[in-house]
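Trainee: Position chain B relative to chain A; hints supplied.
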Amino acid sequence: MLEATDLHVEFSGRGSRRARAVDGVNLSVGAGEIVALVGESGCGKTTLARTLLGLERPTSGKISYDGTPLSYSGRSLRTFRRQVQLVLQDPMGSLNPRHTVYEAVAEGPRIHGLPDEEAVVSSALARAGLRPPERFFQRYPHELSGGQRQRVVIAGALALDPKVLIADEPVASLDASVRGEILSLLLRLRDDLGLSALVVTHDLGLAWNIADRIAVMYLGRIVESGPTEHVLKDPQHPYTQALLSVLPESPNRIVLTGEPPDPTRIPTGCRFHPRCQLVAAGKGTEACTTQPLQVLPATTDPQVSCHVADLVGRDRK
Amino acid sequence: MLELDELTVTYRLESSDVPAVRGVSLELAAGEALGLAGESGSGKSSVALALLRLLPRSAVVGGRVMLDGEDVLAMKWGRLRAVRWSSASIVFQGAQHGLNPVQRIGDQIAEPLLVHRQASGADASKRVRELLAQVGLPAWRARSYPHELSGGQRQRVMIAMALACEPQLIIADEPTTALDLMVQAQVLTLIRQLIADHGISLLMISHDLSVLADVCDRLAVMYAGRLVEVGPSSGEFRHPYSQALAAAFPTVGDPASRLAPRGLAGDPPDPQQLPGGCAFHPRCPVALESCATSDVQLRASGTDRTAACVLVGE
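Here the protein sequences come in this chain order: A and B.
If you're matching positions, the first sequence starts at 828 in our numbering and goes up one per residue.
If you're matching positions, the second sequence starts at 1142 in our numbering and goes up one per residue.
Source of the hints: derived by calculation from the structure; they are not laboratory data.
Remember, predicted model here, so these are calculated numbers, not experimental data.
One side of the interface only, derived from the structure: several residues of chain A facing chain B at Cβ under 7 Å: (1) E1008; (2) W1035; (3) L1070; (4) E1076.
Some chain A residues flagged as far from chain B (calculated, every beta-carbon gap over 12 Å): (5) D833; (6) S839; (7) D850; (8) A876; (9) D893; (10) P896; (11) R925; (12) Y929; (13) V1106; (14) T1112.
The beta-carbon is built from N, C-alpha and C at its ideal position, and this holds for glycine as well.
Extracted from the complex, chain A is given alone in its bound form (with noise of 0.2 Å):
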């Protein structure tokens, strides 16, 4: 449905070094599929989304919509864009505080001239569970609770009937109690409206809690992704695992040193070796440090990028 094509996106960074945020990325998001990209702050995950989004242009690379590659003219970004809706961390700043619930939910259906205004927000509010949806017309921000807000947020994107909703974060500010309900909202809209998603987050619990598949990147590049239960029940990247060490419930901790590297510095081999426990453990090869890894494809299965990990990442050399 949405899918990046060995997706590379550049920014220029401090004097002449180039940060490459994405660094070759192919990901596919299907129809009424749920997937969450997993990683730390620096990973190049938000700069993934964006480009997805059509906010950001690839520096190479392709997004495609359908089968059909997107094009960066006005009309054809347009159209992409009542497909493929971002749904914000941070409802608080996200809304403006001035707007009236009714006209943060209209500007989508304004901006595209969708007709019969006050039925589609009415419907949108309805289905992100503010109900009944007239009751919160006339509200601001401040007067609705975190939860409602994060609802407003979502309805603003569901006016225009969107395939694909982007969520970036769209649980981290809100009080625990009420994540779940918000939770349960994109899963219900995937159930009743077939909605896809692709959920941004450096949330595993969240992942376990409404991903289809998981995507983990790290430094520009996807190094395991695969079904759910399979990635975080048995994780092949020695990344994946030192990630899930670190839950509270977990036993044998891998705590990493460091903090993830520089994308203007990436590291030669492997982009991972720096902090792989596996390397410090003497466990790696020489390819871990010399020889760089291939981009893994956009496939459903199970796949990781790494020399040591016994795997498909290897055999596909």
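Mentor: Chain B in isolation, oriented as in the chain A frame:
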């Protein structure tokens, strides 16, 4: 070490009074780590700020806060200033805003030493190097400005500042909230190690029960300005609210939570409009009719646990 006795915090607004904390009693033994959990508006941060009288003027504090046998609420300003760094110190949430952006971090860590310990410049910089080493930062970082550090490093600096005057108690308000998973694990490991090495007591506040359970011996859960449950972090929760809060952060691999996110209907109550009876009853999945009218105090549930719910056995 620390004893709260019927602590109340009420914010006086122009139009009305907002009861943020409505009678919280807690004890923290020397060397113990206690986790205080709750959502926004539960009053957990007001409790933290009240402990060292850091609340704004509009807040009226009642009850007693005993720190090492001294009543904090009755202290004179001079004594309070001394206590704030040397007996108890706070690590705030949001490593972005807790540091002065235009001052080198070494100078920021040295400040409490120079002010409260009357340390000489040379002693202070020696201690800064020690503190940086304790929190796992190289000594040359003393010359850095906050923006040159990552979020995890800034949080380490905040912890170094809190340790500067060797307090017996550290209050950590959401110390890992804005951090990535791996960096959060690093900071939690550091906190665990520091309290073990120095025998410091810790009061850690968070909305994330799993983070608290990871570091703390005992957990206290707040809802609408009150404690609803206190017990060891290893046991099962008994109060329906604590259970819901725990279920909100699923265990990866647990089939029960797979494609089944769990939460509570509704939102945490507005402290200005608290429901009658048990404040949790409108959201409670197992509420009885009587819960709408009769409030329940903490009651014993087993030997070392208390919970404020009618359904919890005597």
